[in-house]
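Protein chains in written order, with the working numbering: chain A, 1 to 260; chain B, 1 to 275; chain C, 1 to 355.
If you are wondering where the hints come from, they were derived from the structure by calculation, not from laboratory data.
There could be a bad hint or two in this list.
[Claimed, not checked] Which stretches of chain B does chain A cover? Using the computed rule of at least three CB atoms under 8 Å from a CB of chain A, they are:
hint, segment
1, 10-17
2, 59-70
3, 235-248
4, 255-261
[Unchecked claim] Have a look at the derived ranges for each label pair, beta carbon to beta carbon:
hint, chain 1, residue 1, chain 2, residue 2, range
5, B, L92, C, K112, 21 to 29 Å
6, A, V69, B, R62, 37 to 45 Å
7, A, F52, B, T243, 39 to 47 Å
8, A, K170, B, S143, 54 to 62 Å
9, C, F53, A, V69, 45 to 53 Å
10, A, V8, C, Y13, 24 to 32 Å
11, A, V69, B, M58, 18 to 26 Å
12, A, Q66, C, E120, 33 to 41 Å
13, B, R62, A, K5, 31 to 39 Å
14, A, K5, B, S143, 56 to 64 Å
Yeah, the Cβ is synthetic: ideal placement off N, Cα and C, and Gly gets one too.
Single-letter residue listing:
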Amino acid sequence: MKNNKILVLVVILVYVFLCGPLLIIGATAFNSGNIMSFPPKGFSFRWFAMVFQSETFMTTLGISFQVAVLATLIALIIGIPAAYALSRKNYRGKNIVQNIFISPIIVPGVVLGFAFFRFLIIKLQFGVFLSLLIGHVIIVIPYIIRVIGSSLDNLDFSIEEAAVSLGATKLRAFFLIVLPNITSGVIAAFMLAFINSFNNVPASLFLTGPGVSTLPISMMSYVEYNYDPAISALSVILMAMTVLIMFIIEKTLGLSHFTK
Amino acid sequence: MKAKSIYLLLIPGLIVVVFFLFVPILMIIVPTLKGDQGITLSRYIIFFKDAYYMSILMRTVRIGIITTLICILLGVPVSYYVAKSSPKIKGLLLAAAIFPQLTDSVVRSFAWMTILGRNGIVNSLLVSAHLFTEPHMFLYTESAIIVGSVYLFLPLMIISMVGVMDSIEDDLVEAAESLGANKVVAFFKIIFPLSVPGMIVGSVLVFTGTFTAYTTPQLLGGNKNTVLATLLYQKAMTLSDWTQASVLSMVMILITLAVMFSINKVASRFYVRGV
Amino acid sequence: MALIHLKDICVSYDGKSDILKKLNLNIEKGQFVSLLGPSGCGKTTTLRVIAGFIDTRAGEFIFNGSDYTRLAVHKRNFGLVFQSYALFPHLTVFDNVAFGLRMRKTSKEEIKESVEGILEVVDLSAYSKRYPKELSGGQRQRVALARALVIQPDLLLLDEPLSNLDAKLRLKMRVEIKKIQQKMGITTLFVTHDQEECFSVSDMVAVMNKGVVEQYDSPEKIYSRPKTEFVARFIGFENFFSLKKQENGIFLTDSGISIHIDEEETYSDREEVFTGTIRPENIELLPSDSNQTDNVIQGSIEVRTFVGKDYQYSVDTEVGAMIVNSSKERMYHQGDKVKLHLPSNKVLILKSKED
């Protein structure tokens with residue numbers, strides 16, 4: 001069955017389809033010419049240099065980074081207690097609460113962006129950066145709740161009871177015993193939330209303003225008017241970041257978590 | 001843990017989500033239903049009677065359905081192969097599916113722009129093979145959006161089905177074979193039906209993802225192939241027609257929820273059967 | 001006054017059905033007491049009520065004269081050994097054992113001294129720098145025990161601590177636990193479903209069923225004189241038949257045979273109906289031509305099985321099917337007519353259900 005020739009062929013073609021485009025992008029990034037071409041003509045790092053010298057890319061990269069890190073940290077601070085509460089025994093309304101925390105995933109991204117724009121920027125007159133940050137906190141909360149929730153589900157809570165029976169208060173038991181034993185889940189949740197915030201387009205689209213934009217948004221407007229290997233070079237940089245994040249997730253939660 | 005303190009832990013998160021998600025959404029939706037006297041659906045009736053809006057809605061649904069079908073077609077055999085591979089190969093194939101999944105959607109769409117563009121790889125291959133005399137326009141078509149969407153969501157389909165395929169015991173296929181089924185029959189009679197729940201979960205993700213996607217249709221579809229998400233952005237930010245954008249928001253939310261609930265209903269039947 | 005005094009404890013998880021129904025139990029200082037019963041009988045719930053993890057719906061728990069019913073878990077000073085051991089995976093053996101002392105703000109020197117002392121007692125001095133996952137099951141068990149004992153608890157609670165060990169280690173560990181308990185003189189409550197394990201170490205045993213204590217006695221007493229049908233069944237009685245009291249010491253079976261019974265604890269009226277019971281190995285199996293006439297029931301062999309030491313027979317008798325263990329010296333076959341002699345000092349009268 002597994003070695004059926006047609007099956008193997010399909011699998012190979014699908015993986016060529018999945019990996020090919022990104023490899024091509026990688027190759028074009030090292031072009032030495034002025035236009036995109038594949039196979040690349042010559043070899044140079046000039047487009048990488050161009051990216052690092054571009055003020056727009058560097059500024060928006062900085063903003064994307066700040067927003068992703070801050071939003072993830074805030075979501076962790078409010079998400080860890082909630083995930084902990086959700087993982088303990090059943091109580092009334094637990095399902096509803098769980099769904100409330102997951103709901104940002106269900107709402108279409110552009111709708112989220114539009115709603116944030118109307119409420120945060122127009123109604124509350126918040127600054128663009130603050131609005132972007134709040135929007136991203138909402139976007140990453142589901143990832144925090146899910147990943148940390150599944151780590152907590154796998155935790156033997158009798159260690160917490162043991163700590164309390166040995167004289168620790170609930171709070172100390174949480175910080176001394178529970179938290180150290182879900183660190184891998186927390187790290188993985190951080191990574192997933194970070195990458196989802198960093199890559200977000202549809203919501204960020206509505207939350208940019210004078211001087212404040214994220215990297216994916218500035219990349220989008222760049223490719224609408226320019227067609228050169230600068231974006232390829234930037235893509236290679238982003239893919240390197242993705243590889244690093246995947247490596248960290250594999251070392252903490254394991255990539256097989258995605259299949260659950 | 002006493003029940004009261006549990007509620008306390010939930011409160012900060014609930015306040016944030018309710019205040020910054022539920023309130024903003026209600027704020028855009030409620031005005032669309034407000035008429036001169038009480039509630040009105042007139043804005044929605046106008047929307048659904050408008051041929052231009054309908055053509056965009058139909059295009060969006062069409063792209064979503066075709067993308068989902070292609071993802072199922074490719075996702076089922078691939079996820080089966082991945083699930084039944086040796087741990088090492090499996091990890092590698094899984095990583096190769098997760099990698100695009102975690103890569104920025106702008107990067108992924110840009111990749112297809114370089115492949116399908118006027119000076120792209122496909123055109124230069126076809127021209128140099130003398131199949132075309134001049135470059136053909138693949139980009140900025142509905143097909144380009146579909147290719148980009150399949151590229152965007154096929155990993156999701158594979159990943160969500162590998163878990164289900166994992167749980168199908170090899171014994172079952174062996175049992176079917178011992179009862180006289182050949183391998184192909186065993187696949188369609190045993191593996192395929194058992195993988196339906198995973199397929200359903202994956203299909204919901206792929207369809208709703210494609211249905212609401214902004215980046216891919218914007219970059220690969222161009223201005224002619226507007227979909228709901230790009231239309232919403234135009235209305236809201238370019239034309240500042242907030243009422244129409246709100247109507248569109250409501251339509252997108254409702255269709256997304258309707259698809260999720262109806263498909264999950266179907267899925268729950270399979271779960272009852274113990275599949 | 002007893003050290004532990006549980007009075008009319010009621011616990012329910014869903015607010016409707018009670019897991020514990022007015023449970024009462026008194027435990028004297030220094031005793032090794034077991035809670036014995038099948039799964040779902042409420043024994044672990046009782047232990048968790050005492051530990052403080054479960055809120056009671058009604059009733060009170062008095063410990064050493066003060067009301068502990070609502071006292072927070074971390075203020076109780078009870079040592080707990082969990083079924084899963086619940087060792088802290090991120091801490092070394094030393095730090096696991098030291099945890100409780102650190103919570104008590106004991107000085108560094110004292111912690112070192114106490115931890116090393118208790119590790120010596122459980123024979124783990126060489127392992128203090130290891131992590132739990134580097135230990136065998138038996139070693140983990142001893143770390144869990146050391147961790148619970150080092151805080152000098154007022155009470156030691158053991159929740160099926162041996163159930164994850166293999167049979168040989170289980171035997172060894174239960175002797176170890178008993179030894180340490182005796183040496184430290186610590187009052188101990190032990191939850192188990194294994195009657196042999198429980199009888200071997202306990203001073204007193206509380207047999208539980210459906211949220212109440214059915215019998216609270218010494219192991220010897222429970223073994224030889226169960227008071228209820230549930231307890232009798234749980235400890236290996238297999239034959240039950242109804243007996244109607246005729247006069248003191250003489251009862252009638254349904255089929256009208258009179259049975260003499262030496263010991264009768266239940267004082268009661270004539271004509272009252274009881275359940276009689278006898279262990280399979282206490283029945284004397286005789287050929288039908290035997291001249292034994294007192295306390296004899298007629299029957300025929302239905303099935304014979306070989307159970308190692310003896311043959312076990314299922315005998316169809318006038319009072320119903322009876323299980324009899326009989327020595328290998330004489331073998332009966334299916335269909336053989338036999339006499340069952342129930343020695344008057346081996347038949348027990350059980351309390352009727354309502355008591």
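Verification of the hints:
With 6 residues carrying a beta carbon less than 8 Å from a beta carbon of chain A, the segment 10-17 of chain B meets the three-residue requirement, and the given coverage holds. By the rule of at least three residues with a Cβ nearer than 8 Å to a Cβ of chain A, the coverage given for the segment 59-70 of chain B is violated, with 0 such residues. Counting residues of the segment 235-248 of chain B whose CB lies closer than 8 Å to any CB of chain A gives 5, so the stated coverage by that chain holds, three being the minimum. For the segment 255-261 of chain B, the proposed coverage by chain A is satisfied: 3 residues have a C-beta within less than 8 Å of a C-beta in that chain, meeting the threshold of three.
In this structure the supplied range 21 to 29 Å is violated for L92 (chain B) paired with K112 (chain C), their Cβ-Cβ distance being about 49 Å. Distance hint check: the CB atoms of V69 (chain A) and R62 (chain B) are about 40 Å apart, consistent with the given range 37 to 45 Å. For the hinted restraint 39 to 47 Å between F52 (chain A) and T243 (chain B), the CB-CB distance of approximately 44 Å keeps it satisfied. Taking the beta carbon of each, K170 (chain A) and S143 (chain B) are about 58 Å apart, inside 54 to 62 Å as hinted.
For the pair F53 (chain C) and V69 (chain A), the beta carbons lie near 39 Å from each other, so the given range of 45 to 53 Å is not met. The given range of 24 to 32 Å is broken by V8 (chain A) and Y13 (chain C), whose C-beta atoms sit roughly 53 Å from each other. V69 (chain A) and M58 (chain B) have their C-beta atoms about 42 Å apart, which leaves the hinted 18 to 26 Å range violated. Take Q66 (chain A) and E120 (chain C): their Cβ atoms lie about 55 Å apart, and the range 33 to 41 Å is violated.
For R62 (chain B) and K5 (chain A), the Cβ-Cβ distance of about 34 Å falls inside the hinted range of 31 to 39 Å, so the restraint holds. Evaluation of the 56 to 64 Å hint for K5 (chain A) and S143 (chain B) yields a failure: the beta carbon distance comes to about 29 Å.
Checked against the numbered hints given earlier, this structure breaks hints 2, 5, 9, 10, 11, 12 and 14; the rest are met.
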